[in-house]
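Using the sequences plus the hints, can you model the full thing?
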Amino acid sequence: MNKKNTSVLIVGVGGQGILLAGKILSEGLLTFGYDVKMSEIHGMAQRGGSVSSHIRYGEKVFSPVIDRGRADLIVAFEKVEALRWLPWLSPEGTLLVNNEEIYSMPVILGRQAYPDRLEEVLPSLVPSVKVLEASKIAREAGEPRGANMVLLGGAVALLGLNERDWGSILDKGLPSRGREKNKEAFARGVASLKA
Amino acid sequence: MKELLTGNEAVARGAWEAGCHVAAAYPGTPSTEILENLARYEDVYCEWSPNEKVALEVAAGASMAGARSLCAMKHVGLNVAADPFFTMAYIGVNGGFVVVDADDPGLHSSQNEQDNRWYALHAKVPMLEPTDSQECLDFTKAAFALSEKFDTPVLLRLTTRICHSKGAVETGERTELPVKDYVRNPSKNAMLPAAARVRHALAEERLLELQEYNETSPFNLLVPGEGSLGVIATGVGYQHAREALGDRASYLKIGMTWPLPLKLMADFASSVETLWVVEENDPFVESGLRALGISCSGKDRLPLVGELSPAILAKAILGEEEMSGKKTGIPVPDRPPLLCAGCPHRGLFYALSEKKDLVVMGDIGCYGLGSLPPLNVGESTICMGAGFSAAIGFQKADERAGRTRKVFGLLGDSTFFHSGITGLIDAVVNKSKAAFVIMDNRITAMTGQQENPGTGRTLGGEDTAALNIGRICAACGVREENIHTVDPYDLAASRKAVQAVIETPDTAVILTTRPCALLRDVREERAGMVCVVDTEKCVLCLSCLKPGCPAITKAEGRIVIDSKACNACGLCLQLCPTGAISKEAAGHE
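Heads up: the protein sequence lines correspond to chains S and W, in order. For the first sequence, my numbering begins at 1 and goes up steadily by one. For the second sequence, my numbering begins at 1001 and goes up steadily by one.
Read the hints as simulated data drawn from the structure, not as lab findings. Hints are not guaranteed to be accurate.
A few chain S residues that face chain W, going by a derived Cβ cut-off under 7 angstroms, partial list only [as the list claims (entries may be wrong)]:
no., residue
1, I108
2, P123
3, V126
Here are the computed distance ranges between Cβ atoms for each label pair [claimed, not checked]:
no., chain 1, residue 1, chain 2, residue 2, range
4, S, S176, W, F1086, 45 to 51 angstroms
5, S, R139, W, D1521, 25 to 31 angstroms
6, S, G142, W, E1556, 27 to 33 angstroms
7, S, P123, W, D1534, 36 to 42 angstroms
Each residue gets a CB set at the ideal place from its N, CA and C atoms; glycine is no exception.
Given below as structure tokens:
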């Protein structure tokens, strides 16, 4: 396997803004001179299903997909999705997880259980876990729907890319409505996790 | 500067740069964004056609008239369009004619994972298979030239992973080409038997020329490696192989996969000690290689089902164990897709779910999700339109078996226009006792909101005729008194319509009329509208949970409605026996 490339897996639930976060991250990586591939699955996933976006970057990237045990960073927008995708994390990888619960239909109907206190369980399962209160941070930034930008900011910090010029990338990638507040949410995400 | 483009965006860009004049498609994942992107260029006429057969014929006619034309569809769409596709292979082209086909290995959003490369072999047309976004652009451009050079339609075969992966792409500018002159030529264009016999022979000759061309075509690439291992690869499988094997293998990437470059493949095979063929789904290239008597590893060791990945190849070819990843031992609850909060399909589905003795034949679209718990309405999903036609046959069989239950056929507005109308005509003419439901939500929803003949807008956003489904049903011969138009947010009306069609032995229709809850107009109109629960009145009977609305949950011993998700459709309110749920403007809770 090509070890020189970095693999980032962004996962969550349809409607959480995962694809936009992945798009902005990929655009930034291309602008900063990396070869980038990003793979996402649309379709049925849009209807409240589990959604994933695979992003790989480095000098030269061939495959657009991340296999089990190969993700350097998993950004989970929801806690059960973090658990679902945990087998994709490399032994040295980092999990960034949003302390958010979204119940699926089997949970709502009482047919399956939503695991308790995952924000405490996940750090006991893998060595490197960061938990963010992204929705709270987004509200404080004045953009209740900006949790995806908080998590993107956090991911950028964990990837050591926070010194780059993200302002113009965000200007290009974000819709004009609520752009400044979304940028503030991104900045607060960076600040939460920067080394 | 390079741009980050999906395969679909790159195909659209390539078509535009090639001077494409006319393009047509029916939406279908993973191909939909090709036409959506191409339509942004003003110099190309683009349309959503009612189905893939119409789309291919529109493009074929444009080609005949001298325009560079393109049509795009998902893999099962080419089944629908196969009739004109095969005959266009005899007729050939005037302006370049490219048929874009998007297969779905892994069935991310399809009813099967058929490998459409066999269509190229079967129809005798050349086929290109890009391996990344840059090749999507380059091959699309080249396909138009290839089409004109060899007087043939060209099949551009993509897969989900190619369509929906982004990569860096060097773009170019458009070459403006005039639409070519048209000269009447029935012996080429009118496929009566005498002319078609001649054209068939020419198509066979053309294949031999194409094969000779492909031996040195620019679509294939030889990448020398260090060892004695050789890999012949296609599509995204090539990228996975490069990732997994690195410099340990030599590669022959085949970008033009029909007709196969047999000499090139044989030469490569003789230059290596161990030979693998890496391709998703069927052993298409491998079959060609084996027919030459060349032994190789391929589908004896690699899966026929699903997508490939670097780890699958590393395990099969190098014997490297796949990484298992962290095992937690904690059960992970499933997250199946579902009907959205406020989805207008839910009301009629709920009314149907209350009836025990009925059978509902389903179709392709969001309403396929009605078959999942807790609604459990829908027995079958075959293909576009089969919801109606299969219901006719099911009811006739029931009748012969002495079974008296009501049979329903169910589909949506876009599916009705695509291939439901013919089934309804069959039902009326052959006196079907089944009932036919059209869930008209005023958009093609599942593929991400595309216009259809009922929406009154074209792909380009122009106003146009909005076809009236009720009047079409009447024109097909359904009696007016048997056409029940209901607002599915009104549960009493939905129940009444279901009961009425159960009671009539005539061919009957239920037409629901609420637009999709995700439409911008609907979201704006219903913004701030929510249902709220009065916990004093709530007796926790859980009736409100029965329709499976994702906005309603029971948490910490009480019913909670998520005000961010709820749009006050009011279905739960109509099910509450104690009047504990009411509509309010958001923020008053």
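- Message: Take the shortest C-beta to C-beta distance between P123 (chain S) and chain W; is it under 7 angstroms?
- Response: 12 angstroms, violated
- Distance restraint evaluation - P123 (chain S), D1534 (chain W), Cβ atoms, bounds 36 to 42 angstroms: Because 40 angstroms falls inside the window, the suggested range holds.
- Hint check, V126 (chain S) versus chain W [nearest Cβ-Cβ separation less than 7 angstroms]: 6 angstroms, holds
- Message: Between the beta carbons of G142 (chain S) and E1556 (chain W), is the distance compatible with 27 to 33 angstroms?
- Response: Holds, since G142 (chain S) and E1556 (chain W) (Cβ atoms, about 29 angstroms apart) stay within the stated range.
- When you take the CB atoms of S176 (chain S) and F1086 (chain W), is the distance between them in 45 to 51 angstroms? 49 angstroms, holds
- Once the shortest beta carbon distance from I108 (chain S) to chain W is found, is it less than 7 angstroms? The hint holds - I108 (chain S) has a Cβ within 7 angstroms of chain W, the shortest such distance being about 5 angstroms.
- Is the hinted range of 25 to 31 angstroms satisfied by the C-beta distance from R139 (chain S) to D1521 (chain W)? 28 angstroms, holds
Consistency with the previously given hints fails for number 2 only.
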